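J.: Residue-level listing of the chains:
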Amino acid sequence: MMYSEKVMDHFANPRNVGEIENADGIGEIGNAKCGDIMKMYLKIDNGTITDAKFKTFGCGAAIATSSMATELIKGKTIDEALKLTNDAVVEALDGLPAVKVHCSVLAEQAVRSALSDYYTRQGIDPLPIVGEIHMPEE
Amino acid sequence: MERRFIYADNAATTAVSDEVLAAMMPHFQTAFGNASSIYEMGRNAQRDIELAREKVAKAIGADPIEIIFTSCGSESDNWAIKGTAEQMAKKGKKHIITSVIEHHAVLHTTEYLEKQGFEVTYIPVDDKGLINPEDIRKAIREDTALVTIMYANNEIGTIQPIDEIAAICKENNVLFHTDAVQAVGHVEIDVHKQGIDMLSLSGHKIHAQKGIGALYIRKGVVLPNLIHGGGQERRKRAGTENVPAIVGLGAAMEIACSNINEKAAIVTEKRNRIIDGLLTIPYTRLNGDREKRLPGNINISFEGIEGESLLLMLDMFGICASSGSACTSGSLDPSHVLLSIGLKHEIAHGSLRLSIEENLTDEDVDYILETVPVVAERLRAMSPVWEKMMKGEFYE
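Those protein sequence lines, which keep their order, are chains A and B.
For the first sequence, my numbering assigns the number 138 to the last residue and increments by one with no breaks.
For the second sequence, my numbering assigns the number 396 to the last residue and increments by one with no breaks.
Read the hints as simulated data drawn from the structure, not as lab findings.
Since we're looking at a predicted model, the values are computed, not measured.
Mixed in with the good hints there might be a few duds.
What the hints assert, rightly or not - Quick list of in silico lysine to any residue cross-link-like pairs, SDA-like style, CA-CA up to 25 Å:
(1) B:Lys388 x A:Ala12
(2) B:Lys388 x A:Asn13
(3) B:Lys94 x B:Ile123
(4) A:Lys33 x B:His345
(5) B:Lys82 x B:Glu119
(6) A:Lys33 x B:Glu393
To be verified - Stretch by stretch, here's where chain B covers chain A in the computed footprint (C-beta under 8 Å, at least three residues):
(7) 6-19
(8) 29-37
(9) 55-62
For every residue, glycine included, the Cβ atom is placed at its ideal position computed from N, Cα and C.
Just chain A, with the same shape it has in the complex:
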């Protein structure tokens, strides 16, 4: 199985690892039984994601996609972050092996899950804005 150099870089030097104290939105997706859990923390100011951090239990691709997803949404507006697709994460990493594409779906859904939490905390029903959060099943 071949990981791209970019995947290896984001695995070896993951960006934005950790937690955000007083995060405005926290999302979590996956389960330990399947071997992947991503937890994402967002700081949101005036509709803009000013900071994003993650913690991930999972394979190299799971860590790299989490890292890349946080990079892709930092400094973006919520609307822009909601448009983040797993394909964009895969593309930014110069591709993923087919068996690892589900990791990029997890990363996409982790972002949405954190945004969903953000709206819930604001007293706004997230469903019409964020939509359903999907746990990818193999």
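Guided by the hints, dock chain B onto chain A, whose structure is given.
T.: Relative to the frame of chain A, chain B by itself:
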């Protein structure tokens, strides 16, 4: 800590040794004759094949006539199992006994036979990966054609009570095959004394090249021919012999099986140092039996860590290892072996297998014991599972 390169995945494959390579070399360009040819170069090739057969036989206590060269361990397993099944089905015997922790070369073969109308009993193992021979006795029926139980497990290194299992098979007049790919060259084997009817072995696990193996078939056991064609391998397996590989296997077997107990003692000591050292890391456990274990096998689970990322990060530190994580197998489920010994999925995902040999230096052991905790800590620091564990919570 200066970076080292440590190959600790000898159960996956090994390098061809200098001695083996030297034995093979003439057979590529100077002594390249076809062993079926009548002239001297052909006769010499035939002689060298037979010398290799003698070495292989001697190393496991067999007669040369009982050794057939194959292309790999999987081929040997397939032939022994499917061949016996075909042969015994003629007598109406269509039941096979194996274990839940076999290599896929055995399990996928028995699954195939199930589709062909055979019945297969899968014997469970205890939490150390050990089979209770009495379970096999109970499973044997009138129509049992074959018992196939691995000698030692490739993941957790557990060595099965082969002598007892063989004795039970003999008492009940049932053929006994063992996949000894991981055991050969690491533990002493005497097929005649131990009452083994068929045994699979592979060259590349013991410093021969990839693509060569052998099947020991006890005199009196009849298997249908595997490859039809010329008269090679007593017509059992036709096809021009891979002379360099066969000669290499002979050399490798001779070397691997000499002073086997002395070497095992050295490796066992190194192994135990690594096991004891790694178990000082919190929330780890040793998988497999502590004593009935291959000398070079270490298998440890790290809670809160996923195995593939563990391997990738160890690789960054120059350590080559292996894991039973789902992510390394390409499926969603972690290793069937680790699940069979009762590990929960999330713990099975975080397993690390190191397989070492006597060339591992004390400095290498030190390096492993310094590096693994650093890697484990780094991965745990970014693991939400670990975070929850530390808060006393658990994932369902």
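J.: Next step is simple, just say for each hint if it's right about the structure.
T.: Evaluated hints:
Restraint check for lysine 388 of chain B and alanine 12 of chain A: the C-alpha separation of about 23 Å stays at or below 25 Å, so the hint holds. At most 25 Å may separate the alpha-carbon atoms for a hinted pair to count; lysine 388 of chain B and asparagine 13 of chain A meet this at roughly 23 Å. Restraint check for lysine 94 of chain B and isoleucine 123 of chain B: the C-alpha separation of about 17 Å stays at or below 25 Å, so the hint holds. Simply put, lysine 33 of chain A and histidine 345 of chain B have alpha-carbon atoms about 5 Å apart, close enough for the 25 Å limit, and the pair holds.
With a C-alpha separation of about 13 Å, the suggested pairing of lysine 82 of chain B with glutamate 119 of chain B holds against the 25 Å cut-off. Distance hint between lysine 33 of chain A and glutamate 393 of chain B is fulfilled; the C-alpha atoms sit about 15 Å from each other, no more than 25 Å. Only residues whose C-beta sits within less than 8 Å of a C-beta in chain B count toward coverage, and the region 6-19 of chain A has 6 of them, enough to reach three; the restraint holds. Judged by the Cβ-Cβ criterion of 8 Å, the region 29-37 of chain A is covered by chain B as claimed, because 7 of its residues qualify and three suffice.
Residue count for the region 55-62 of chain A with a Cβ under 8 Å from a Cβ of chain B: 8. That meets the three needed, and the coverage hint holds.
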